[in-house]
Amino acid sequence: MIWPHTGEELMTFINDLNNAHPTVEFTHPHSTVAINFIDVQVKICRGAITTSLYRKTTDSEQYLSFSRCHLDHAKLGIPYSQALRYKLICSGDRDLDKHGSK
346 MIWPHTGEEL MTFINDLNNA HPTVEFTHPH STVAINFIDV QVKICRGAIT TSLYRKTTDS
406 EQYLSFSRCH LDHAKLGIPY SQALRYKLIC SGDRDLDKHG SK
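Sequential numbering of the sequence shown, starting at 346, is according to the numbering used here.
A couple of the hints might just be wrong.
[To be verified] With a straight-line Cα cutoff of 25 Å, these simulated DSS-like cross-link-like pairs (lysine-lysine) come out:
| no. | residue 1 | residue 2 |
| --- | --- | --- |
| 1 | K401 | K388 |
| 2 | K388 | K420 |
| 3 | K388 | K443 |
| 4 | K420 | K443 |
| 5 | K443 | K432 |
| 6 | K420 | K432 |
| 7 | K432 | K401 |
| 8 | K388 | K432 |
[As the list claims (entries may be wrong)] Pairwise CB distance ranges (calculated):
| no. | residue 1 | residue 2 | range |
| --- | --- | --- | --- |
| 9 | E406 | H373 | 39 to 49 Å |
| 10 | P349 | Y408 | 16 to 26 Å |
| 11 | H366 | L433 | 21 to 31 Å |
| 12 | T357 | T396 | 44 to 54 Å |
| 13 | H375 | T396 | 11 to 21 Å |
| 14 | S436 | T357 | 42 to 52 Å |
Since the hints were derived computationally from the structure, they do not count as laboratory data.
In this text, a Cβ means the ideal position worked out from N, Cα and C, and glycines have one as well.
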């Protein structure tokens with residue numbers, strides 16, 4: 346969420362959401378320079394919007410093993426699709442190199 350008001354107003358808003366129902370809790374990390382959405386981190390860097398790959402700490406990065414009995418084109422498609430994903434998400438070459446080398 347992009348919040349155009351003060352941090353205090355954001356905390357009041359989150360508290361109001363949490364008080365709306367006793368079994369629902371809304372948690373939201375907040376920052377003035379970056380936001381994570383699905384697998385993309387969007388940052389404001391020197392007045393420009395940049396994007397990079399975002400991974401949760403629980404991401405195990407496990408993909409289909411090449412020793413499994415799957416068709417070769419299915420196995421070969423995984424590195425290709427991951428590289429394409431990195432290229433589409435990362436706006437800077439440095440981030441692309443960092444994620445592509447894993």
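Right, here's what the structure says about each hint:
no., hint, in the structure
1, K401 to K388, "holds (16 Å)"
2, K388 to K420, "violated (33 Å)"
3, K388 to K443, "holds (17 Å)"
4, K420 to K443, "holds (23 Å)"
5, K443 to K432, "holds (11 Å)"
6, K420 to K432, "holds (20 Å)"
7, K432 to K401, "holds (19 Å)"
8, K388 to K432, "holds (17 Å)"
9, E406 to H373: 39 to 49 Å, "violated (26 Å)"
10, P349 to Y408: 16 to 26 Å, "violated (39 Å)"
11, H366 to L433: 21 to 31 Å, "violated (38 Å)"
12, T357 to T396: 44 to 54 Å, "violated (30 Å)"
13, H375 to T396: 11 to 21 Å, "holds (19 Å)"
14, S436 to T357: 42 to 52 Å, "violated (34 Å)"
In summary, the numbered hints that this structure violates are 2, 9, 10, 11, 12, 14.
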